[in-house]
Structures are given as C-alpha cells and as structure tokens.
Amino acid sequence: MDKNALVSRLNKIIPGGVLETRRFGRSENTSIWIEAQAVQKIAMALKMDTEMKLDWLENLSVVEFEKVFIVTYFLRSLITRHSLVIRASAVPVSPGSEFLFPSVRNIWPMGLPMEEEAEEMFGIVFSLNNETQFQVKVNRLPENWKGFPLRKDYVFPSQFEDITHSRSFNKSNQKKSSL
Amino acid sequence: MVESFYLSTIGKVLKWAQSRSLWYISTGTGCCADEVLDAMGCRYDLERFGCLPQVDPRQSDLLIVCGMVSYKAAPHLKRLYDEMLSPKYVLAVGACANCGGPFSPEFSYSVVPGVDQVIPVDVYVPGCPPRPEAIMNGLIALQEKICGQECSRFEIE
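Protein chains in written order, with our numbering: chain A, 1 to 179; chain B, 1 to 157.
Next up, chain A with everything else stripped away, as it sits in the complex:
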C-alpha cells in the first residue's frame, strides 16, 4: 500500500497530526512521526481504516535519545498483512521527573503490559485522561525502589536493603594453596 496516500488520508482526519515520514533505521519500512497529543486519534483511525486494519500492536518500545523520549509503536494487521511503524516523542518538564503520555490500551489491549513496563523503567505515565496528579505504579521492580533504571541519568544504587551493590576482589585475602 502507498504510504503517501495513507499519510494524506490521516492528515485529512487529524490536521497537523502527522509530522513527517522517514525510513525506519536501515530497513525499507517507513515510519510515520506523529504529534504526541494526536496518538490516540491516529491509533483509532489506523485501526478502523478499511484498507490497513491494523488490529495488532506488535511491540511498544521507548528510547531516550538526547533527553528526548521516543515512543515507537510497531503495528501489524492479521487480516490484510500490512505493517506500519509510528513514532512520537516527548520531553519531560524537568529532567528526572515523570510525565504524562497518551495511552493506547483501550485501542489495543496488548499495549497494557508494555506500557506498564515502560512506565516503571522510564517514568512515563501512560494515561487515557490528562490527569493533573499522577504516580508511577511499581509492579516489576522491588518495593522501595527509587529512580527509573533505563533512563540515561540513572545512577546505580550503592546499596539496596542491606545488600551492597559492589564486589571487591582482594587478592591478599585469598589463601594460597599448593596444587
């Protein structure tokens, strides 16, 4: 399917939602960069599109690149065998703080576990409504864990609950035995 026709159709539905189209990495797939606030509308439009019918969120990944968080959705259709990559970016208000991002879990239910994982690892709170007060839910990390481990500015802990996070190999303490 022609991607330009798709982009023009999306632009008619959500004016200004699609920013640009680019090659995805070294592959021949095209990726569509979209506005972060238009993610839910574009996702619904892609799912309901009669030609694409992208009904499966294959993967959701987040990457931090020069203090900008890029959320990538890998979409695929089980009916028409089409695939598409859409990407959106967001910047936290202050460095180190969590921030809101629109969720797609009501459109593709498979997005829920991936969004929860990204929420814990990167501190991006995926929400359906734009709440004023929000908090990161911790399910996978241990309790009392501080910080978001996959962020670039994350500092490894020196100690976690009486367990020292280092190991010293002191050769003078080792006993020498003759073979």
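To be clear, the hints were calculated from the coordinates, so they are not data collected in a lab.
Just so you know, these numbers come straight off a predicted model, no measurement behind them.
Glycine is no exception: its CB is placed at the ideal position from the N, C-alpha and C atoms.
Any given hint might turn out to be false.
[What the hints assert, rightly or not] If we take Cβ atoms under 8 Å as the criterion, some of the chain B residues that face chain A in the derived model are:
no.	residue
1	71
2	72
3	74
4	76
5	100
6	105
7	109
8	113
9	114
10	117
11	118
Given the coordinates of chain A, assemble chain B onto it according to the supplied hints.
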C-alpha cells in the same frame, strides 16, 4: 574415655550419613538450572551420590542456587534458606550465583553480586554454565567438607 570414643564414632557415622543423603531443593533462576537437570538425568545421575530432589525446604539439607538472583528475589531466597532445618548447606552453581557474572554491578542495576551477599555459601561451582561433571565435582567437594576432609582446591595464579 569410652563415652568420647562412642560420641566421636557416632559423629563420624552421622557425618557420613549426612554427606551421603544430601536431599536438595533447587532454585532455578537462570540457565544453570538446565545443567542441574542434566546432572539429575540418567547419564550423570546425581542420585548415586544420594541426592534426591525435594520440593519442601523443611525436608532438604542442601540448597542449590543456579542462576542470578535479583533484588526482588533475594528476600524470598533468604526466607527459603531460613525455612530449612539445620544442618543445611548451600551450593552456588554458575558465575551469576558466584559473583554476578555478566550481570556484574558495573553493568546491571538489579542483580545481587553473588548469593553470598544474602546467604552463606559452602561450595562455589564456577562456569557459565558449568558442565554436569563440574556440578558433580562440587557435590563431592561438599561431601568431603561435611566429612571434615581436605577439599580439592584449584586456584589460578
């Protein structure tokens, strides 16, 4: 004199019986669990050393830790060790259980650098993953340790 003779003899017999009936509980948190399964199988047959797999920590004498332990799993492993009845022994299998291995503290934020930070370890089996022969060697070293004999030791200068 006679009492001490009997006690020492009975102690030796008890140690011999202990070392020849190491019933173990295994925590398979990594790929070394596959090697322990191999060692349990018909080719290497751990049961000829008296090692029987158990599911209850109260009925087992040996805790085999195979694989890395994360900070979330560490309190549960500690609880498993505390539930075992004394005398109890721990065998750390593989590089991850010994010192963190590829998940060393410089590269990983969530893995405990060695199980000995959480529970006391009797015998370390190196390797990534160790072969079943190495696990058998570790078990024999543990049996020698229980009997009070000199363990076979190998150290690279």
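Hints, verified against the model:
Interface hint status for residue 71/B: upheld, as the beta-carbon distance to the closest one in chain A is roughly 5 Å, under 8 Å. For residue 72/B, the interface hint holds, since its Cβ comes within 8 Å of a Cβ in chain A; the closest pair sits about 4 Å apart. The restraint placing residue 74/B at the interface with chain A holds, with a minimum CB-CB distance near 6 Å, inside the 8 Å limit. Taken as an interface hint, residue 76/B does not check out: its beta carbon lies about 11 Å from the nearest beta carbon of chain A, beyond 8 Å.
About 6 Å separates the beta-carbon of residue 100/B from the nearest beta-carbon of chain A, less than 8 Å, and the hint is met. The interface hint given for residue 105/B holds, since its Cβ lies 5 Å from the closest Cβ of chain A, which is under the 8 Å cut-off. For residue 109/B, the shortest C-beta to C-beta distance to chain A is roughly 5 Å, which falls under 8 Å, so the interface hint holds. The restraint placing residue 113/B at the interface with chain A holds, with a minimum CB-CB distance near 4 Å, inside the 8 Å limit.
Given the 8 Å rule on beta carbons, the hint for residue 114/B holds: about 6 Å separates it from the nearest Cβ of chain A. Of the supplied interface hints, the one on residue 117/B holds, with its beta-carbon coming within about 5 Å of a beta-carbon of chain A, less than 8 Å. Hint status for residue 118/B relative to chain A: holds, with the closest Cβ pair at about 7 Å, below 8 Å.
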